[in-house]
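Peer 1: Fit chain B to the known structure of chain A by using the hints.
There are 2 protein chains.
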Amino acid sequence: MRVGILTIGNELISGRTQDTNASYIARELNIQGWQVPIMMSVDDDETAIAKALDHILGQAQAVIATGGLGPTADDKTTVAVARAYGLKLYRDEAILLKIRGIFERYGLNWIPNNDKQADFPEGSEPIVNPVGTAWGFALNVQGKLIIVLPGVPSEIKRMFPQGVLPVLRRTFPESAQAVATRTIKLSGISEAEVDQRLADADLEGRGVAVGFYPHFPEIRVVLTVRKASETEAQALLKTAEEQVIQRLDRHIFALDDETLEGTVAALLTEKKLTLAVAESCTGGLITDRLTDISGSSVFLERGAVTYSNLAKTELLGVPEETIREFGAVSEQTARLMAEGVRKLGHTDLGLSSTGIAGPTGGSEQKPVGTVFVALADGKETICRKYLFRWERRRVKIATSQAALTMLKRYLATGGMSGKQQV
Amino acid sequence: MRVGILTIGNELISGRTQDTNASYIARELNIQGWQVPIMMSVDDDETAIAKALDHILGQAQAVIATGGLGPTADDKTTVAVARAYGLKLYRDEAILLKIRGIFERYGLNWIPNNDKQADFPEGSEPIVNPVGTAWGFALNVQGKLIIVLPGVPSEIKRMFPQGVLPVLRRTFPESAQAVATRTIKLSGISEAEVDQRLADADLEGRGVAVGFYPHFPEIRVVLTVRKASETEAQALLKTAEEQVIQRLDRHIFALDDETLEGTVAALLTEKKLTLAVAESCTGGLITDRLTDISGSSVFLERGAVTYSNLAKTELLGVPEETIREFGAVSEQTARLMAEGVRKLGHTDLGLSSTGIAGPTGGSEQKPVGTVFVALADGKETICRKYLFRWERRRVKIATSQAALTMLKRYLATGGMSGKQQV
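Heads up: the protein sequence lines correspond to chains A and B, in order. Residue 163 in the working numbering sits at position 163 of the first sequence, with consecutive numbering throughout. Residue 335 in the working numbering sits at position 335 of the second sequence, with consecutive numbering throughout.
Okay, chain A solo, but in the shape it has when bound:
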């Protein structure tokens, strides 16, 4: 089956915003075994939208359009679709009430304009937006399927699997194959090296599509299998997955929707271990990531963003002499930070980061990107040095990844035995 993609918005064709929706949707459709013959972007303009739909549906059985469903004057997609196919709009009172409800519950001013977010072309089926007020809709016209979604990427990522995929599978049952897919998330390894290590597995040769998606600081390897039956698909996927894990084991930190912070949180919770974190160069990013996990209060006792040397000394008990002699960015300081924050928080584990995020502050012996990460459990303390070659934000992200990876390996291997691996 062929499905075209139309992304709508002046921010796209003016180049102000990089369109990420089209490639996300294209990838999801490909995973289902459906082709995307064309992707198009046009302005929030009725005529432009109508022309685009006509051209795309000349080459595809369905089109997924995104953008222009908001309450403002430049949101014209719904009206454009209705006019293009001579349809009236109807107002869905039930949805209108839901939207009003959201506004009332959170004390937001209701603007009359918001009403139009409950208007849909007659004959269309609304698609629920679980994270916003702009609902989408699906419409059958002239034997073709038109699906319209809002333009916000995070909303599309929720609506596509929950609302769009079911409609497509229902409308085109014959083209729905059994698809099995597994995303394997790695870090601390280059894309080229992953590719090389997988070469001898000959996955493609056995009908396993392998996609590489660098997603800083991760590399995502996506295995996709399409078969007549779910059982066949799952069986082939399983063997392929095992081969990948064999070859890349220690770089894998999560599968599918799992995250590194989620895996660490699950392990800490399961093992009933508590954690305190002392951050210098990451500036709170490590605890920010951990607290994205609901329930993190069970294991995260506290964090200390010890940006100044005084804070390292006062809160973590790192002696001034240590900092003077070895520097705030040193193995000695990193170890004492981990041990110090563990004591401060009365926790089982202490995790620390210190480094030079840049762009300034580098030196001959310690260039920008020099980072130390340490983990203390009261018996032992492990520390590892890194040299990251990226700009400030990426150094912070890579450092938080290294720290959480060290912690994950410690938890997964049940102790500092993980040391050799770290």
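Calculated directly from the structure, the hints in this document are not laboratory data. One or more of the hints may lead you astray.
Since the list can't tell identical chains apart, any single copy or any two copies may satisfy a pair.
In silico lysine-lysine, DSSO-like type, Cα no more than 30 Å apart, as pairs [said to hold, decoys possible]: (1) 51 - 227; (2) 144 - 238; (3) 88 - 366; (4) 366 - 98; (5) 238 - 76; (6) 379 - 144; (7) 385 - 271; (8) 51 - 144; (9) 76 - 51; (10) 272 - 366; (11) 385 - 98.
Keep in mind that this is a model prediction, so the values were computed, not measured.
Peer 2: What follows is chain B alone, placed relative to chain A:
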């Protein structure tokens, strides 16, 4: 003038590669004052390319196509363009020699296929590629201009200003305009409300294009003006900008490439004030954002992620009774956290956040999304309550935005006089 963009390649329509060429070219064209009515991506396929060119040139005087100029079998763009307009190919021997020269210089072995990189449709003008072997070309057909470039972004960024812009300006001399644009970043207000408040300014009516770009937790209002002269453009933009600022002043936190954290950092540095931050529900996100700014160590003394009640009591001196009586999520606790972390860090200012990020932990009186943000300067402490309606991550982001906004207003208004505003 209207210029369409066509990006060619299976990696694009399969979603394997994020297309960045289209938005780069669109941005460059807009800066020149030229509109991009349509952007399209299709497969490396002769028919698809021909159809796409035909559709785009139906709506534009020119098209810039990228991709498919390489030596391999799936590089079909040149042939597709020639066939589409019934043109023969000619081989440019001078260019062929240049390409061969590059191969020899770098000791690459020459494969016969490379010859085709010196083939161009008859009547076309080659466009030099200063960093690669795939030259582009410009072709006038049926009163329209077709420009073809390779697909490598780094090569396009060299070829566009050097090779493409001159051809466009020469071909359409009458259409070169001056463009002035301003991005105004707001938060704490809904898109619909921004739209309503700007309604009476009648910007569009006076030739000022207004775009709304929700960019959680911000809303970006982009004003664009095109005039014959730079002076006219700047003048109109200035008056338009003043009108927007008048109507939305207190919600504006930055312009163009400025960020909220960057503005706060600049104000703290300029006023030589130091800051300590106590975070509960934001889990370190506030200090993470502040430490994204190079030089933040000048004003950020430390942060305390007091996730447990014990940490709030031990580090910040929030009495157990206060937490027991009013709760960890309360105005009383938020105020004491801000005052406590200020003392802890010996700083001029103390900033705090406490709230229920959800999805669990909500109650009748304090539903999920209930957040308190406080700021202490040693003389006074201000606190504000919020109720955010989003999921966990967005509650954290919105809370960090509210806290940094409170701090920014305090710094901008020179004291707690900002209180009324907050």
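Peer 1: Using 30 Å as the alpha carbon limit, work out where residue 88 and residue 366 are close: within a copy, between copies, both or neither.
Peer 2: Neither. Shortest intra-copy (68 Å) and inter-copy (43 Å) distances fail the 30 Å Cα cut-off.
Peer 1: With identical chains, the pair residue 76 and residue 51 could be close in the same copy or across copies; at 30 Å between alpha carbons, which is it: within, between, both, or neither?
Peer 2: So residue 76 and residue 51 pass the 30 Å test inside a copy (14 Å) and across (27 Å) alike.
Peer 1: Evaluate residue 385 and residue 98 at a C-alpha cut-off of 30 Å and name the case that applies: within, between, both or neither.
Peer 2: between (53 Å within a copy, 25 Å between copies)
Peer 1: Between copies, within a copy, both or neither: which fits residue 379 and residue 144 at Cα up to 30 Å?
Peer 2: neither (67 Å within a copy, 67 Å between copies)
Peer 1: At 30 Å max between alpha carbons, let me know whether residue 51 reaches residue 227 within a copy, between copies, both or neither.
Peer 2: between (34 Å within a copy, 29 Å between copies)
Peer 1: Is it within a copy, between copies, both, or neither that the alpha carbon of residue 272 lies no farther than 30 Å from that of residue 366?
Peer 2: between (38 Å within a copy, 28 Å between copies)
Peer 1: Given a CA cutoff of 30 Å, do residue 238 and residue 76 count as a within-copy pair, a between-copy pair, both, or neither?
Peer 2: between (46 Å within a copy, 28 Å between copies)
Peer 1: When no copy is named, should residue 385 and residue 271 be tagged within, between, both, or neither for a Cα gap of at most 30 Å?
Peer 2: within (27 Å within a copy, 36 Å between copies)
Peer 1: At 30 Å max between alpha carbons, let me know whether residue 366 reaches residue 98 within a copy, between copies, both or neither.
Peer 2: between (57 Å within a copy, 22 Å between copies)
Peer 1: I want to check one pair: residue 144 and residue 238. Are their C-alpha atoms no more than 30 Å apart within a copy, between two copies, both, or neither?
Peer 2: neither (36 Å within a copy, 48 Å between copies)
Peer 1: Go through the copies and call it for residue 51 and residue 144: within, between, both or neither, with a Cα cutoff of 30 Å.
Peer 2: Close inside one copy (15 Å) and across copies (20 Å); limit 30 Å.
Of the numbered hints stated above, those contradicted by the structure are hints 2, 3, 6, listed in ascending order.
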